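Enquirer: Chain residues, written in single-letter form:
There are 2 protein chains.
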Amino acid sequence: MFVVDDEPLSAPELNCLDAYWRAANYLSVGQIYLMGNPLLRQPLRPEDVKPRLLGHWGTTPGLNLLYAHLSRIVAQRGQDMIYVTGPGHGGPGLVANAWLEGTYSETYPRVSRDEPGMARLFNQFSFPGGIPSHVAPETPGSINEGGELGYSLSHAYGAVLDNPGLVAACVIGDGEAETGALAAAWHSNKFLDPVGDGAVLPILHLNGYKIDNPSILARIGDDELNALMFGYGHKAYLVEGSDPEAVHQMLAGTLDAVFDEIVDIQRAAREDGATDRPAWPMIVLRTPKGWTGPREVDGKLIEGTWRAHQVPIEGAREDSEHLSMLRDWLMSYRPEELFDADGAPVPAIVNWLPRGQARLSDNPHTNGGQTLRDLELPHFREYGVRAGETAEATKVLGAFLRDVLVANERYHNFRIVGPDETVSNRLSAVLSASDKVWQAAIEPEDEHLGRRGRVMEILSEHTCQGWLEGYLLTGRHGLFSCYEAFVHIVDSMVNQHAKWLKVIRHLPWRKPIPSLNYLLTSHAWRQDHNGFSHQDPGFIDHLVNKKAEVVRVYLPPDANTLLSVADHCLRSRNYINVIVAGKQPAPTWLDVDAAARHCGRGLGIWEWASNDDGDPDVILASAGDIPTVEVLAATDLLRRSLPQLRVRVVNVVDLMRLQPESEHPHGLSDSEFDAIFTTDRQVLFAYHGYPWLIHRLTYRRTNHSNIHVRGYKEEGTTTTPFDMLVLNDMDRFRLVIDVIDRVPGLSRRAATLRQRMVDKHAEHREYVQLTGEDLPEVRDWVWPAEGR
Amino acid sequence: MFVVDDEPLSAPELNCLDAYWRAANYLSVGQIYLMGNPLLRQPLRPEDVKPRLLGHWGTTPGLNLLYAHLSRIVAQRGQDMIYVTGPGHGGPGLVANAWLEGTYSETYPRVSRDEPGMARLFNQFSFPGGIPSHVAPETPGSINEGGELGYSLSHAYGAVLDNPGLVAACVIGDGEAETGALAAAWHSNKFLDPVGDGAVLPILHLNGYKIDNPSILARIGDDELNALMFGYGHKAYLVEGSDPEAVHQMLAGTLDAVFDEIVDIQRAAREDGATDRPAWPMIVLRTPKGWTGPREVDGKLIEGTWRAHQVPIEGAREDSEHLSMLRDWLMSYRPEELFDADGAPVPAIVNWLPRGQARLSDNPHTNGGQTLRDLELPHFREYGVRAGETAEATKVLGAFLRDVLVANERYHNFRIVGPDETVSNRLSAVLSASDKVWQAAIEPEDEHLGRRGRVMEILSEHTCQGWLEGYLLTGRHGLFSCYEAFVHIVDSMVNQHAKWLKVIRHLPWRKPIPSLNYLLTSHAWRQDHNGFSHQDPGFIDHLVNKKAEVVRVYLPPDANTLLSVADHCLRSRNYINVIVAGKQPAPTWLDVDAAARHCGRGLGIWEWASNDDGDPDVILASAGDIPTVEVLAATDLLRRSLPQLRVRVVNVVDLMRLQPESEHPHGLSDSEFDAIFTTDRQVLFAYHGYPWLIHRLTYRRTNHSNIHVRGYKEEGTTTTPFDMLVLNDMDRFRLVIDVIDRVPGLSRRAATLRQRMVDKHAEHREYVQLTGEDLPEVRDWVWPAEGR
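Chains A and B, in that order, are what the protein sequence lines are. Counting with full-length UniProt numbering, you get residues 1 to 788 for the letters of the first sequence. Counting with full-length UniProt numbering, you get residues 1 to 788 for the letters of the second sequence.
Hints listed in this document are in silico derivations from the structure and should not be mistaken for laboratory results. If you're wondering where the values come from, they're calculated on a predicted model, not measured in any experiment. Any given hint might turn out to be false.
Identical copies carry no separate label here, and so any pair may be met within one copy or between two of them.
[Said to hold, decoys possible] Pairs of lysine-lysine, BS3-like flavour, derived with a Cα cap of 27 Å: (1) K547 with K713; (2) K190 with K235; (3) K511 with K300; (4) K547 with K235; (5) K235 with K300; (6) K547 with K395; (7) K300 with K395; (8) K502 with K190.
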């Protein structure tokens, strides 16, 4: 690893940096421990100490050290920079720095930059009614929740895309580095355009330990570590030590070198036209865990070990020796030199800091809603398909998305991400407007790869998700297209993003950001060649557990409704929108205007398919493209054979409409729901996903006991499309049987029809196993023209 | 990278290997394309070609090549070996090899090793009623579903743990290598004991492309790639080429070298006592995607590009030119030399293969249920806590698990995995019976680390899960202890495992394997210091969508019930068992015998807490440790203030008991359910997780409309334990209010009590925000002795 042994700091500079660092450390310890006497101007008493000691000290001094030094770079070079902290459980550190910079008090005036404010700063930390112990949405300057490890590096990359002047300094904890999401994200540098994008500076902070174990990367030796970083495409610099003065010099010198190198790389690409993929610099920082904290407590080493992870001195309220150790620890930062009579930081600490929005804690990119520009959206109606035509829904959407790319090209604010599936998901039209970005080697036979490009494909759902989150959080727009089954790979990431969105709704200073839009396709019902392993419609269930105010789920039944829904989602803010749509040729039920009206209502009666005259004998409802085909085919069979049966056909696009209005902002009122689903008629509901969800959404409705749901029940393998439906009991024949079995008082003709349906099942099974194809009558079925 | 340029194969050996490879390739193409005329002994007609062409050719020739060469190693060295194929979508290859080895016909006698059997082999592939297109449970010799990429390497490591004679050759696709799960798994070699464990031979197969894009690792250049492998702790060998003869020699020479090296490493550790972590060999294999397939179709390059990923020649039934290309392709393998008159492989192809269980497709480790030995379990009752005592449930369990480790030490068949949380989850007793295994550097201050050890901690839930799956699938036992919120990281992995378990239930030759046991602790209700980001009880919801026959969910309310549940789970087979339990000091409600009886029933009335005399006015039910405390505290309040109110207390340990018996094997009959929950009384249900799940499980019960559920609703941050309950409306005061609001005809005293509860809420909020602690009366509450 490269070692820089310049000593660039003058004595006064070094003193200022060190004083700043001591102040940040003091304030961090104060947050963990103190509920009174913040400046220790009185002797420390047990009652000054919080009764419950919560927080993470171990990583904090390292985060504070980096904050100080990165601020120096910002101030001296005017570098636009954000600071992404993977070990965000070091929350007290980031809060301390924001307070020192003044941002904290500007954001939360009660927490003023003086002694009473400092008291509040300490009190609120990890305290009921206060702030979380991790870096969180409440923390100015952050785009990364510190609670769940693994997402910092992909967030950092997402943030700098299309921000050519920006550097995201990204601290990666050595614990975090073991996670899958982080391990995959290192290769993001193969997708970073040195011309149009900014730079990420990964700083791998090896303090050696996790909660309870050494970390792997701290124990593999420098040769393997250096090789690993080189293998990831980086030039690694080492900063190592436990003597503050030496580390200050070494880190300052290294940062100078590294930022020079970033400038050189960008100049070469931007001015000299270099197209070789650069080896971007990164830093390995080895400092002790819990550095500057107590060295030993009760005969056990603390500093430099895993024991420094959380609260190094326990029981300081009860144990006078521990109390005095805590006092000594706090006083070791010499607070009397750091804060003036009012409790504000002295000028030497703050007068060299960046000002205004240059401050790391106030960088506008970290509050992306502030700088947000609406997407220019073409009129989606112009991409509509004629009703009755066969269309591949995602292919139709692809043309719209292509023109979204074109219309916003000059604003550099829209990206499409996906795990190697854009073409498989039939969005290939977008490739006529944009390359897939690729900085590794390009061969002559390659198609649509380029150094620039707004389509990003890596076979890591984690990295796709992280990039997009970083991009959205910094105020840009995007879409994640994914195989439905494998979006579960990011379940835990979407959890954290949903939590972020929930919290920022209650923080007026955090402006709304563009929604996280998923297009889930190649879905469970059409995994003809991949089979069982590729079938899982449960992401919807996962999301519906999140706060209703954050989650939207759409199941457009055809190409035109997909267009309308996509247009809506791309305009929305602060949501997680899930769109499930098919990619296979399928009927178009509604012309595009009718589609827009239908989507506007979210669900509705399809009069053209119904013959109920306002008083149905039975309601056939569907949500999802495949269930809609089956419901209409079943309706067709019923209306031909039992013309006196009054059938109402209902289609649901916006799944959340089914919930009571008390549960979800999109929920129908009970009277609206009853007008559609009645209070006493049988409802047969064919649903795209696991059937229980429909019960969950409707169990408070008057007619719930008459609602019967068919859906995916984990059956089926590599087989034909119709056979999938048969295996899961959601095919048209089964739906007809269901109707006949449920609706009382049907004629004898119904019994005949029922027998025919049973025979059809047998005929189908025989035919499909013989030919490998679906019955022609199933494949060729179309909604009768006279029925429209 | 190291290159071996021996040419170890004699001409006859090379001919045999190549003929075998051609045969496997022929059979692979046949499976994708043919439904008749399997040996092409008649001219190929359109109707010989399947109407729907499904399957993945691109990776298959590489998988077949490796199969041939690894079989040579097995045969020549008597090496015990399994073959794990990450790019398992190359299913036809693995099936073809199993057929050539004879295992396929032994397993599925209809698919005999002759022409009619070959015809069935081809017909069944990716065909309705046939077999999946990927490597799947149906495939002899596999422990890895080929559908979802990323898990091969951790599966391979799991398989060789405690199998010192075994080598898992693990092909990693270059697409798969981009996933997070795979990227994290490389560091598994820091946990592999060269003495007690076998070896993993990773083979990174760089065929250059994914479905639609080049792969990253194929485009970063050999210097970065080699450094990356070195950084992962490997010594990398390169095998590269597109000339079959040269590649055969190079691969054979390299495998000889690599297996020598594995033997050397193991000998050094086992005989010479070497303790340095070895640099295990791995192979980078660069061969063209779709090698030996059509070079060009319709003017587009196929072989060596992403276009070879699935079906290289489309429309062979309709297009006579394509049909003739297909014929030429098949004939290029010279089937007439490979199969005898009956259609069986000629002796030169098969007489050098390993025999019996030495065959890769018949290795007993891949059907772990065959070799399974039951765990020796200590009597869990001996670890019980006295009823009324305060205990940390997981700590009590830890003592039991410690003795499970001790009792089975000599059988080497039990492991505990977790992401750096064993001690945090209070299972530290296990560390007195076993080290945490660690092959990287060990420092003097480290505790409980050792070269050997049955506790495995890496900060990657993916890797923990993959190790454990590999361990279970090869017939051993284990437990995954995890923070509840972060188990979502493996949602998609558990999906695939659940699918595997579902399928093997219908394959009599696959013997039952030990269950996948999760201990979820550090749960949503006690994330006092980590807050919102660490709260998510939704894994249960995720699992409940899987097949009922596979899923079991337990919520033991105290230490003794946890012991009983854990004992049960460790004895079970073919399930996914989720146990949610607290780690904080909490009351013990039942003595251990009563606990065992209660767990045996799965749910029941707690008579000692009830005063309903068989005819309750209201039922207070709970599932989960924290809800149980609140339900009992609410019952105590109600019984003191409203002694005439008849309260029934019900506790649910086995959540699946709530479902109808038609839905889940554990489901209560309606009459049993009604006997406990009545058909007409109000039920207030306090549940550990998202409340809707209880409705989902009970919506078919007669009394469902009277069941009201409180649970986690995404509220709460860093705060006190009781405040978490208040914020989510599940505290005892709220439950009392619920009862008063729901139960008709209560006395005026109820109104007074209700007001007191409202006042208590206000008092609590004030107190907690002032002191940071819960109201003393809440903290100190105990179930009254006279009530027992």
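Enquirer: Are the hints correct? Go through all of them and say.
Expert: So, going through the hints one by one against the coordinates:
1. K547 with K713: both (26 Å within a copy, 8 Å between copies)
2. K190 with K235: both (14 Å within a copy, 24 Å between copies)
3. K511 with K300: Neither: 47 Å inside a chain and 50 Å across chains, both beyond 27 Å.
4. K547 with K235: neither (43 Å within a copy, 49 Å between copies)
5. K235 with K300: neither (38 Å within a copy, 39 Å between copies)
6. K547 with K395: Close neither inside one copy (32 Å) nor across copies (34 Å); limit 27 Å.
7. K300 with K395: Result: close only across copies, 23 Å inter versus 64 Å intra.
8. K502 with K190: Intra 33 Å, inter 40 Å, cutoff 27 Å: neither.
In summary, the structure is inconsistent with hints 3, 4, 5, 6, 8 from the numbered list given earlier, while agreeing with the others.
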